[in-house]
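Here is what each chain is made of, one letter per residue.
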Amino acid sequence: MAYGEHMALEKPPAKTRWIAGVLLLAAGGYVVWRAAALGCGTVYVVAADEELTVASPWEAMAGIAQPSLGRTIGVWVAALLTLAIFSFLYKDNPLYKLAEALFVGVSAAYWMVVAFWTTLVPNLFGKLFPAWISATLMPGLSPEREAGWYWYFVPLVLGLMLLWRLAPRGAWIAAWPLAFIMGATAGIRLVGFLQADFLNQIGATIRPAVVVVSSAHGQAVDWTASVGATVQALLLLAGVLCCLTYFFFSVEHRGLVGQAARIGIWVLMITFGAAFGYTVMARIALLAGRLEFLLNDWLWLIDPAGTRPPDWTSWW
Amino acid sequence: MLQKLQNLDRRWIFLLMLLAVGCPMLADWPLPEKPTGLVRQTFEMIDRLPAGSKILLSWDWDPSAEGELGPMANAFVRHCCEKKHKMVFIALWPVGQQLIDDTIRQIIHTDYPQLVYGRDYVNLGFKPGNEGVIKVLLTDLRQLYTTDALGTNIEKIPVMRGVNTVRDFDLVISVSGGYPGIKEWVQYASAAYPNQIRLIGGTTGVSAPLLYPYIPDQLQGLLGAIKGAAEYEQLLLEKYPPLHNEDRGKYQLALRRMGPQLVAHLLMIGLIVLGNILYFAARRAQRT
Numbered sequence: 001m002a003y004g005e006h007m008a009l010e011k012p013p014a015k016t017r018w019i020a021g022v023l024l025l026a027a028g029g030y031v032v033w034r035a036a037a038l039g040c041g042t043v044y045v046v047a048a049d050e051e052l053t054v055a056s057p058w059e060a061m062a063g064i065a066q067p068s069l070g071r072t073i074g075v076w077v078a079a080l081l082t083l084a085i086f087s088f089l090y091k092d093n094p095l096y097k098l099a100e101a102l103f104v105g106v107s108a109a110y111w112m113v114v115a116f117w118t119t120l121v122p123n124l125f126g127k128l129f130p131a132w133i134s135a136t137l138m139p140g141l142s143p144e145r146e147a148g149w150y151w152y153f154v155p156l157v158l159g160l161m162l163l164w165r166l167a168p169r170g171a172w173i174a175a176w177p178l179a180f181i182m183g184a185t186a187g188i189r190l191v192g193f194l195q196a197d198f199l200n201q202i203g204a205t206i207r208p209a210v211v212v213v214s215s216a217h218g219q220a221v222d223w224t225a226s227v228g229a230t231v232q233a234l235l236l237l238a239g240v241l242c243c244l245t246y247f248f249f250s251v252e253h254r255g256l257v258g259q260a261a262r263i264g265i266w267v268l269m270i271t272f273g274a275a276f277g278y279t280v281m282a283r284i285a286l287l288a289g290r291l292e293f294l295l296n297d298w299l300w301l302i303d304p305a306g307t308r309p310p311d312w313t314s315w316w
Numbered sequence: 317m318l319q320k321l322q323n324l325d326r327r328w329i330f331l332l333m334l335l336a337v338g339c340p341m342l343a344d345w346p347l348p349e350k351p352t353g354l355v356r357q358t359f360e361m362i363d364r365l366p367a368g369s370k371i372l373l374s375w376d377w378d379p380s381a382e383g384e385l386g387p388m389a390n391a392f393v394r395h396c397c398e399k400k401h402k403m404v405f406i407a408l409w410p411v412g413q414q415l416i417d418d419t420i421r422q423i424i425h426t427d428y429p430q431l432v433y434g435r436d437y438v439n440l441g442f443k444p445g446n447e448g449v450i451k452v453l454l455t456d457l458r459q460l461y462t463t464d465a466l467g468t469n470i471e472k473i474p475v476m477r478g479v480n481t482v483r484d485f486d487l488v489i490s491v492s493g494g495y496p497g498i499k500e501w502v503q504y505a506s507a508a509y510p511n512q513i514r515l516i517g518g519t520t521g522v523s524a525p526l527l528y529p530y531i532p533d534q535l536q537g538l539l540g541a542i543k544g545a546a547e548y549e550q551l552l553l554e555k556y557p558p559l560h561n562e563d564r565g566k567y568q569l570a571l572r573r574m575g576p577q578l579v580a581h582l583l584m585i586g587l588i589v590l591g592n593i594l595y596f597a598a599r600r601a602q603r604t
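One line per chain: the protein sequences are A and B, in this order.
Numbering (my numbering) for the first sequence: 1 to 316.
Numbering (my numbering) for the second sequence: 317 to 604.
There could be a bad hint or two in this list.
Here are the simulated distance ranges between beta carbons [to be verified]: (1) Gly306/A / Asn592/B: 37 to 45 angstroms; (2) Gly187/A / Leu594/B: 49 to 57 angstroms; (3) Phe276/A / Asp363/B: 29 to 37 angstroms.
Chain A is nowhere near these chain B residues, computed Cβ spacing over 12 angstroms in every case [as the list claims (entries may be wrong)]: (4) Gln322; (5) Met361; (6) Gln413.
Please keep in mind that the hints were generated in silico from the structure rather than gathered at the bench.
Beta carbons are placed, not taken as given, at the ideal position from N, Cα and C, and that holds for glycine.
Looking at chain A on its own, in the form it has when it is part of the complex (with noise of 0.2 angstroms):
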């Protein structure tokens, strides 16, 4: 059963649901009264260099900056859309769905746009057709050939037959550019893995276990330096010992080689461990985030950087 499924079952109490709403709406009522009373959510802009820049209430107070209608209508859609999603830990709805399918939709097509002006028109068709691309849709591009140009039919041909697969006939021509990819991206991947992960790990792992540290003047020996580092060099080496041992297993667990196994077991519990407490301190760091840009940038509940007048900030 999905996640969403499983919150979907569990129906609050009328009672409940009845404060929920009423609290909503008293939330709602705040912020409209916000927005009104002191135009929480308002981006300021001001013209430099031919172009508007963000500026600050400060610069509004003073004159030199005007609100900006797009900008502000931008901070109130990220602000309902943040929430939107949010609404999700209470149950799933309607609202996730739409900010969810936006986001996805959005997505695609900035990745479309982005990939075609920054790579086909610059790296393939400016290439081939270099005069009549800087011509008409990149000036800054020279219009000069490249020795070599027609080499760029290749990725052309090979990019065409890859869209073949759209095609209600041939789907097969696609799975040639398809081969190329995959053989260039394992051949690019298996060098890159085995020269970064495993030569370059067994050699960082193979060092003197004994450390000696110099002092900072390089001319006595930091005993302390001294001693830390060796440690952690016998720790590192123990640890990655045991942890090899666990995954031995053409050898039978026991004696010797089932104690080097149990502490592999610590050694690996201690470090999903970390891996979980980073991933907490992430995810806490990902809502602080967007708790800030909602309480600072929309409601102006907050003002860290000092961006705003004082009387701006308060909650009434």
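We have chain A already, so just place chain B on it with the hints.
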């Protein structure tokens, strides 16, 4: 009571977490940060370079990681500006180009208006191809980046003079939210040219544990999650304090998020302890 707690609706925990993060933010609790060795090492990598060094900044993330990576991206750029380094921005993620624009607007345009686009910094924008982009940059950067993000021919950009491959940069900084990111920079750049490419970065909490094994040989510095960003901001504020004290808040993006982190972590620990107590209490109740 035991039964009630065991069947507690998870939405109460969500609400508690919201309050744990939201209340310290409203109260604005400042917490001191003591920078750790790895963060100092990362800081020194930029700080020791002579003024005018060329730095490649790869923005390999998107807005979903803004809460973690935004502060460290801003801190890196502010540090480069203070040291008067030349900055070349690229992005391996599609939205990276807009994030570069954001960083330039928030930091360079606002605090360092004397820096000139094209002479002191340039935005080369996004190129699709993931690690393929890195592979091309190792051999011929100009083959892929024929123009900057604004469509200006790369030959006419002063900061790009003498830069033909990644090896021509004094340092590479990747702010990475996943794939492609620091791992790919290690695998295809610094591992391939260990003595010629120096790489540091900042990453999310989810990715950080996977990148620590590359330190120090293949990755010379790393900021792990919001904690790493906060420590870096602390170092930056100590060494390069803002001209006006009231501007400090602008440079404490990560530092001010450590208060919510503390309270939320205490809540998490409390919930884990409570969960275990409930588990053992239920087992004892079943036995009796």
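To see whether the hints hold, each was checked on the structure:
The given range of 37 to 45 angstroms is respected by Gly306/A and Asn592/B, whose C-beta atoms sit roughly 44 angstroms from each other. Between Gly187/A and Leu594/B the beta carbons are some 53 angstroms apart, a value that agrees with the proposed interval 49 to 57 angstroms. Evaluation of the 29 to 37 angstroms hint for Phe276/A and Asp363/B yields a pass: the beta carbon distance comes to about 33 angstroms. Even its closest Cβ contact with chain A, about 15 angstroms, leaves Gln322/B beyond 12 angstroms, as expected for a residue assigned away from the interface.
For Met361/B, the condition that its CB be more than 12 angstroms from all CB atoms of chain A holds, with the nearest at approximately 18 angstroms. Residue placement check: Gln413/B does not keep its beta carbon more than 12 angstroms from all beta carbons of chain A (closest about 7 angstroms).
Checked against the numbered hints above, the structure breaks only hint 6 and satisfies the rest.
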